[in-house]
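Chains W and Z supply the protein sequences, listed in that same order.
Heads up: the first sequence at position 256 corresponds to 256 in the UniProt record's numbering, and the numbers run straight through without jumps.
Heads up: the second sequence at position 54 corresponds to 54 in the UniProt record's numbering, and the numbers run straight through without jumps.
By construction, these hints were calculated from the structure, which means they are not laboratory data.
Computed from a prediction, not measured in an experiment: that's the story for all the values here.
Note that the Cβ used here is the ideal one computed from N, Cα and C, for glycine as well.
Among the hints, erroneous ones may be present.
[What the hints assert, rightly or not] Per label pair, the in silico range of CB-to-CB distance:
#1 Z:D114 with W:S49: 49 to 59 Å
#2 W:G242 with Z:N96: 22 to 32 Å
#3 Z:V250 with W:D136: 31 to 41 Å
#4 W:T244 with Z:N96: 16 to 26 Å
#5 W:P241 with Z:Q234: 55 to 65 Å
#6 Z:H145 with W:A162: 38 to 48 Å
[Stated by the list, open to error] Footprint (simulated), chain W over chain Z, 3 or more residues, beta carbon under 8 Å:
#7 58-66
#8 73-85
#9 93-102
#10 320-327
Number of protein chains: 2
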Amino acid sequence: MRNKYEVISALGATLLLSASAAQASDGLDEYRQRFEPLPHLPPLPATNSQTEEKVELGNMLFFEPRISSSGVISCATCHNPALGWSDRIPRAVGHNGQVGERNTPTVLNSGFLDAQFWDGREPDLEAQALGPIQADVEMAMQLEHALERLAEFERYQDKFSAAYPDQEDPINADNLGQALAAFQRTLNTPDAPFDRYLRGDMDAISEQAKNGMVAFVDNGCIACHRGANFTDSQFHAIQVPGSTDLGRYVVTGEERDKYRFRTPTLRNVGVTYPYMNNGATETLEEAVAIMGQEMLGREFDEPTIDNITAFLHSLTGEMPDFEVPALP
Amino acid sequence: MRNKYEVISALGATLLLSASAAQASDGLDEYRQRFEPLPHLPPLPATNSQTEEKVELGNMLFFEPRISSSGVISCATCHNPALGWSDRIPRAVGHNGQVGERNTPTVLNSGFLDAQFWDGREPDLEAQALGPIQADVEMAMQLEHALERLAEFERYQDKFSAAYPDQEDPINADNLGQALAAFQRTLNTPDAPFDRYLRGDMDAISEQAKNGMVAFVDNGCIACHRGANFTDSQFHAIQVPGSTDLGRYVVTGEERDKYRFRTPTLRNVGVTYPYMNNGATETLEEAVAIMGQEMLGREFDEPTIDNITAFLHSLTGEMPDFEVPALP
Chain W
1 MRNKYEVISA
11 LGATLLLSAS
21 AAQASDGLDE
31 YRQRFEPLPH
41 LPPLPATNSQ
51 TEEKVELGNM
61 LFFEPRISSS
71 GVISCATCHN
81 PALGWSDRIP
91 RAVGHNGQVG
101 ERNTPTVLNS
111 GFLDAQFWDG
121 REPDLEAQAL
131 GPIQADVEMA
141 MQLEHALERL
151 AEFERYQDKF
161 SAAYPDQEDP
171 INADNLGQAL
181 AAFQRTLNTP
191 DAPFDRYLRG
201 DMDAISEQAK
211 NGMVAFVDNG
221 CIACHRGANF
231 TDSQFHAIQV
241 PGSTDLGRYV
251 VTGEERDKYR
261 FRTPTLRNVG
271 VTYPYMNNGA
281 TETLEEAVAI
291 MGQEMLGREF
301 DEPTIDNITA
311 FLHSLTGEMP
321 DFEVPALP
Chain Z
1 MRNKYEVISA
11 LGATLLLSAS
21 AAQASDGLDE
31 YRQRFEPLPH
41 LPPLPATNSQ
51 TEEKVELGNM
61 LFFEPRISSS
71 GVISCATCHN
81 PALGWSDRIP
91 RAVGHNGQVG
101 ERNTPTVLNS
111 GFLDAQFWDG
121 REPDLEAQAL
131 GPIQADVEMA
141 MQLEHALERL
151 AEFERYQDKF
161 SAAYPDQEDP
171 INADNLGQAL
181 AAFQRTLNTP
191 DAPFDRYLRG
201 DMDAISEQAK
211 NGMVAFVDNG
221 CIACHRGANF
231 TDSQFHAIQV
241 PGSTDLGRYV
251 VTGEERDKYR
261 FRTPTLRNVG
271 VTYPYMNNGA
281 TETLEEAVAI
291 MGQEMLGREF
301 DEPTIDNITA
311 FLHSLTGEMP
321 DFEVPALP
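The following block holds chain W by itself, in its conformation from the complex:
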């Protein structure tokens, strides 16, 4: 029996696809229903309207190394567009070569997260954006000093004024965070092969990936990695090999939060290695095996690991458009 969702979904497919594709089914409808394709834009907060001017300013600021105290580290240093908007090293390297405690999360689709950072210490991208600028092991900059540097440039004065036209003194921390957040909300990968599959293109992913999808559901991975962005935005306790990181406990001080981390997105996980909060796991196969052991108490056999890995690769979308801005 079809539920309402299925009817709507089938209707959508009929409208979108050729007749033969619309009628196609691979017998996995029940599984596919458990997932959602990624929307093209994340939810936009009422307090930060998404304007072109803000996005353009945020794009400039994202690539601006002079808001770091060394003058050479920008957001794009660790969230490198050449490297899946992350850095592909175990733990972030920042000011004076200091190595942080955690693996850099990609900013791709980060607008879909309900909590930012591994420990969820900020609720949204606006607040998140100001953290790494000030963190001693990252950009190591005093926010006030960063704003002063920006204000020295006529072009930043103009761009901030254009983005915040009603404000007398728009170069401030709130607007810095807003513009960076607005830009990051454009960095989404909505058309991954798996999204096309969910929208009715039965051949968009391989048979092996489909088997992986089935294993992903049947083994319960989907309990935490769920929804359009493959995360419940909740905190779960895990201590991966080599990690002594207390996780969310650092934020709340509550005993029950020890070693808890926010479930990371699995979108683009194929291009955002290495894995785990400490980045100690190099391959996706290894990561799948560890998650089976640590979170599900299961020893996946090799075919299962390979299938789930193939499925995870189908979550890699096209990298979003952006420009390397010409900075003043």
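With the hints as your guide, set chain Z onto chain W.
Coordinates of chain Z only, in the frame set by chain W:
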């Protein structure tokens, strides 16, 4: 009386421009003859054929931070496309936040230089490219280790093989240097306003810039800043405020080379501040004044400084096309 060059030049202008523009003259032909527009490509060395495959590989390598020992510093860190392919800080910041002795030269039009680095210690881009990778204060990487890291990636194996199809073991230092050089030879700015002016568009630069061109010639700036890339590729002694750098002496050990530096290009000088070998000079006006004093023994008055500065801004071209590569 017209010389052969003028006739050819006028003919070119007739072919390229509307009749009125071709006949236009601003009475400064004698000055214009002293300059050359920048070709679209620099001289290509016989030993490094410029192929698409090499350029593509070089583009990848230019943005590849994993050939640095920290894993986060690439060529593009200091030669940042967002910042005129330089870094806009006085002296380069490299491995573990170490500050080098010299200001980062832009890579724009660097294929036109006859000697690389401030002290000319390498003759070409092939040899230049391998320096910063290994320098302790820059990427601090052993070349062998860099090559090993690249060889770990199947995609680099494929790309090196495609660029060097007849070689059995193409991931080597020579090819690394060649590919980076080939890519950098695409980073040119041939259509600056001043080039368009030289090619016959009399309105491409302002009256003030034309006055600056006249002052640039009449005061002898052109003696060293000459040719299409505004440098004689020779070494001249200068000790700017705050610098104790021995310059070319470091390379040759010869007394007469003390404090000598290769004449830097003036192309894109408007977007590659700060200035001088130690980057201690922030504005172009100040740089022009210092060069007048130190190199020409003249105190330029303010209008002259402003005119020369306007002229120098006309040497800023459109930034070249490139792609931020998706790295493996």
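Verification of the hints:
1. Roughly 54 Å separates the CB atoms of D114 of chain Z and S49 of chain W, a value that falls within the hinted 49 to 59 Å.
2. Taking 22 to 32 Å as the suggested C-beta distance range, the pair G242 of chain W and N96 of chain Z conforms, at roughly 23 Å.
3. Checked against the hint of 31 to 41 Å, the C-beta distance between V250 of chain Z and D136 of chain W comes to roughly 35 Å, which is consistent with it.
4. Hint check: T244 of chain W to N96 of chain Z, Cβ distance near 24 Å, so the stated range 16 to 26 Å holds.
5. In this structure the hint that P241 of chain W and Q234 of chain Z lie 55 to 65 Å apart at CB holds, the actual value being about 59 Å.
6. Look at H145 of chain Z against A162 of chain W: about 47 Å separates their beta carbons, and that is inside 38 to 48 Å.
7. With a cut-off of 8 Å between beta carbons, the stretch 58-66 of chain Z has 4 residues touching chain W; three or more are needed, and the interface restraint holds.
8. For a cut-off of 8 Å, the count of residues in the stretch 73-85 of chain Z with a CB near a CB of chain W stands at 6, and the three-residue condition holds.
9. Counting residues of the stretch 93-102 of chain Z whose beta carbon lies closer than 8 Å to any beta carbon of chain W gives 4, which meets the minimum of three for the stated coverage.
10. Only when three residues or more bring their CB closer than 8 Å to a CB of chain W does the claim for the stretch 320-327 of chain Z stand; here the count is 4, and the claim holds.
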